[in-house]
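The numbering of the sequence shown is this note's numbering, which starts it at 3 and goes up by one.
It should be emphasised that the hints constitute simulated quantities derived from the structure, not laboratory data. A virtual CB, placed ideally from N, CA and C, is assigned to each residue, including glycine. Be careful, since some hints might not be right.
As the list claims (entries may be wrong) - Label-pair distances were calculated between CB atoms; the ranges are: (1) E108 / A65: 15 to 21 Å; (2) T47 / G94: 19 to 25 Å; (3) I8 / G102: 27 to 33 Å; (4) A111 / A65: 31 to 37 Å; (5) G84 / T5: 27 to 33 Å; (6) H18 / G83: 39 to 45 Å; (7) P19 / A80: 31 to 37 Å; (8) V23 / M88: 29 to 35 Å; (9) D87 / E27: 30 to 36 Å.
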Amino acid sequence: MTTTTIDLFTSALHFHPDGDVRAAERQMTSSGSGAWQIAMFHVETAADVHADHWEMHPEAEEAVCCLTGGIRLCFRPATPGGAEDMVRLRAGTAAIVPRGRWHRLELDAPSDLMSITLRDGTRLEKRTDTH
C-alpha cells in the first residue's frame with residue numbers, strides 16, 4: 003500500500019458511510035454521496051467566503067473552524083426584518099452551525115478556515131438584504 007500526502011487547500015477529505023476516506027474535489031453543494039466533507043480554505047476577500055450568499059445544510063450540522071485570522075459567522079434572521087445573529091471566531095476557535103440554519107461568513111482578516119459537514123442537500127441563496 004502506498005500512502006500519499008493530500009493538500010487540504012486544494013482537495014477535501016470525504017468520509018463515506020462504509021468507512022472509506024477519499025481525497026476528492028471540494029464541493030460547495032451536494033454530491034449525493036452521503037460522505038462527510040472536511041475542507042480547508044485560505045480566504046482573503048468577501049468573495050472567497052461567498053459573503054453575498056446564504057448557505058444551509060439540511061442533513062447535518064456544520065463545524066466552522068477558524069485556524070488563523072478571524073471571521074464572523076452570521077445567521078439569517080428567523081423573521082423578516084429581524085437582526086442577524088453573529089458569532090466572532092478568532093484563530094483556534096470553532097462554532098457549530100445547527101442543521102437547517104441559514105448562515106454566511108464575513109472576514110475580519112485573511113484567514114485559514116476548515117469546514118466539516120455532510121453536504122447532501124446543501125443550498126445557496128443570493129442575499130437580497132445587502133445595504
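*Against which earlier hints does the structure fall short, listed by number upward?*
4 and 5
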